[in-house]
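Asker: Sequence:
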Amino acid sequence: MQIHNFSPGPARLDPSIISKSQEAIANYQKTGLSILEIGHRSKDFETLINALQENMINIFNIPSNYFTLLLQGGATYQNTFIANNFDKENKLLGCLVTGTWGRYSVEDFSKIRDTKIIEVSDNEIENYIQTPWDLEGVDYLHLTSNETINGVQLREFNKIEHDSLLIDMSSDIGSYSFEWDNLAYVYAGAQKNMGIPGVSICIGDEKYLNSEDNSRYLNLGQLVEKNSLLNTPPTFSIYVLKLVTDWMIAMGGINHFEEKSIRQSSRIYEQLESYGDFVIIPVSDYSKSRSNIIFKFKNEDLEKKFLIEATEKGILGLNGHRSQGGIRISLYNSITDEMVDYLSEYIDRFFADNGK
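Residue numbers (this note's numbering): 168 to 523.
Worth flagging that the hints you see were computed from the coordinates, not collected in a lab.
Hints are supplied without guarantee of correctness; some may be wrong.
[To be verified] Derived DSBU-like pairs: lysine-lysine, alpha-carbon spacing no greater than 30 angstroms straight-line:
(1) K427 / K393
(2) K393 / K326
(3) K465 / K210
(4) K472 / K455
(5) K427 / K463
(6) K393 / K374
(7) K278 / K255
(8) K427 / K187
(9) K197 / K210
(10) K278 / K409
(11) K374 / K187
(12) K187 / K472
(13) K187 / K326
(14) K480 / K463
(15) K455 / K480
(16) K393 / K197
(17) K409 / K258
(18) K374 / K409
(19) K255 / K210
(20) K255 / K326
(21) K465 / K480
(22) K258 / K393
(23) K197 / K283
(24) K455 / K187
(25) K465 / K455
(26) K427 / K409
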C-alpha cells in the first residue's frame, strides 16, 4: 500500500532527496567518505555551505545587506537567542500572538527582557489595516507567520506598520514570496518545508548586528563572523537542506510552490465547506492557513472513524495537535497534486458513505 504522508512535521521529503541522501551516506561525491563523516572545516563542506547560501539568496531573493546563518536548536532555541540579542537592555520587544507558538515565544522572551504582548484573533488579522494594533513603544515586533496548531496564517508582512519585524516562519517558509523592506530577522526550523530536524535557517539585516555581551552561541555577531561554523554544525541536516534548495530551484522556485500552495489549499477548503453540515473550520476566511488546514467534525464518533479509515487507506498524519484535537491536513512543499487527489477522493467517499 502506498503511503500518503500529511504529517505536520517532520514532513514528507521528495523521493529524489531521500535517494540522493542515501547515496551520500554511502559515498559523498566519490570522496570515499560518508556525508556523515565529512569534516565541517573541510573544503568539501565549505563548498557545500557556500552553495547552499547562494541557493537561499536565489530562492528567497535575499538582499545583499542580509546575513544567513544555519544554527542548531530549532525555532524554540530562537526564543532564547532573540531575547538575548537585538539590544535587549534598551529596546522593547513586542510580541504579536496569533496562536500557540507565538504564545510560547512570548513566555520565553518575557523571562529575559522587557516584552509587550499584543494578542490578536484571526478576525483581527483581517482588519489590521483599518484597526491598527497598539505598537506604541515597540522597537522590535515578533510574530509567527503560520500557526501550525491553530491553522492561522499571516503573510502580508509589508502591510504591518512596523519597520523591524522578527518572524518565525518555521512552517511556511518557501511557500510564498515576500518583501524584505521591514524585516529585521527571519528564522525557520527546516523540518517542515525545507528538510529534516537539526538545523534552523536564520536570515537577518546586518544593521541589527551588535556587540551584546553574550556567551558564544548566543552571540549573533560572532555566529555571523564565523559563517555558521563557530562550533560543529549539524552537517547532515545542512546537506539535506542543500538538496531541498536544489530541488526547489529545479521545480521552478518559490513562485511554483506559491501557486501550488494556493491551488491545493483552495481545493481542500472548498471541499470541506461543501460538507458544512458535518465539519467546522474554526478560522476566518482571511486568516486560513494554506500550510495547515484545521477542521473538526460536529460528531466526535464520525471524526474518529474518519481518522481510522484514512490510516487504513495509507493516509497518515491527519490527527490534530494533542492540545486541540480535530483534523489537521498539512500541505507543505513536498505534497504532490496526486496526494491531494487521493485525499480529496477519500473525503468525498467518506461523506458519501456517512451521511451525504
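Asker: Would the pair K278 and K255 pass a check requiring their Cα atoms to be no farther apart than 30 angstroms?
Answerer: At roughly 12 angstroms apart (the allowed maximum being 30 angstroms), K255 and K278 satisfy the hint.
Asker: Just to be careful, I want the Cα atoms of K187 and K326 compared with a cutoff of 30 angstroms; is the pair within it?
Answerer: violated, 40 angstroms
Asker: Compare the distance between the alpha carbons of K455 and K187 with 30 angstroms, and conclude whether the hinted pair is satisfied.
Answerer: violated, 35 angstroms
Asker: Holds or violated: K427 with K463, Cα cutoff 30 angstroms?
Answerer: holds, 25 angstroms
Asker: Would you mind confirming whether the straight-line C-alpha gap from K255 to K326 stays at or under 30 angstroms?
Answerer: With Cα atoms ~26 angstroms apart, K255 and K326 stay inside 30 angstroms; holds.
Asker: Taking only the CA atoms, is the gap from K465 to K480 under or equal to 30 angstroms?
Answerer: holds, 23 angstroms
Asker: Please verify whether K187 and K472 have alpha carbons no more than 30 angstroms apart.
Answerer: violated, 38 angstroms
Asker: Verify the proposed pairing of K427 with K187, using a straight-line Cα cut of 30 angstroms.
Answerer: OK: K427 and K187 at ~24 angstroms, within 30 angstroms.
Asker: For K465 and K210, compute the direct alpha-carbon distance and say whether it is at most 30 angstroms.
Answerer: violated, 58 angstroms
Asker: Would you mind confirming whether the straight-line C-alpha gap from K427 to K409 stays at or under 30 angstroms?
Answerer: This hinted pair holds, its Cα atoms lying about 21 angstroms apart.
Asker: Next pair to validate is K374 with K409; report whether the Cα-Cα distance is within 30 angstroms.
Answerer: holds, 27 angstroms
Asker: Is it true that the CA of K465 sits at most 30 angstroms from the CA of K455?
Answerer: holds, 19 angstroms
Violated hints for the displayed structure, listed by number in ascending order: 1, 2, 3, 10, 11, 12, 13, 17, 19, 23 and 24.
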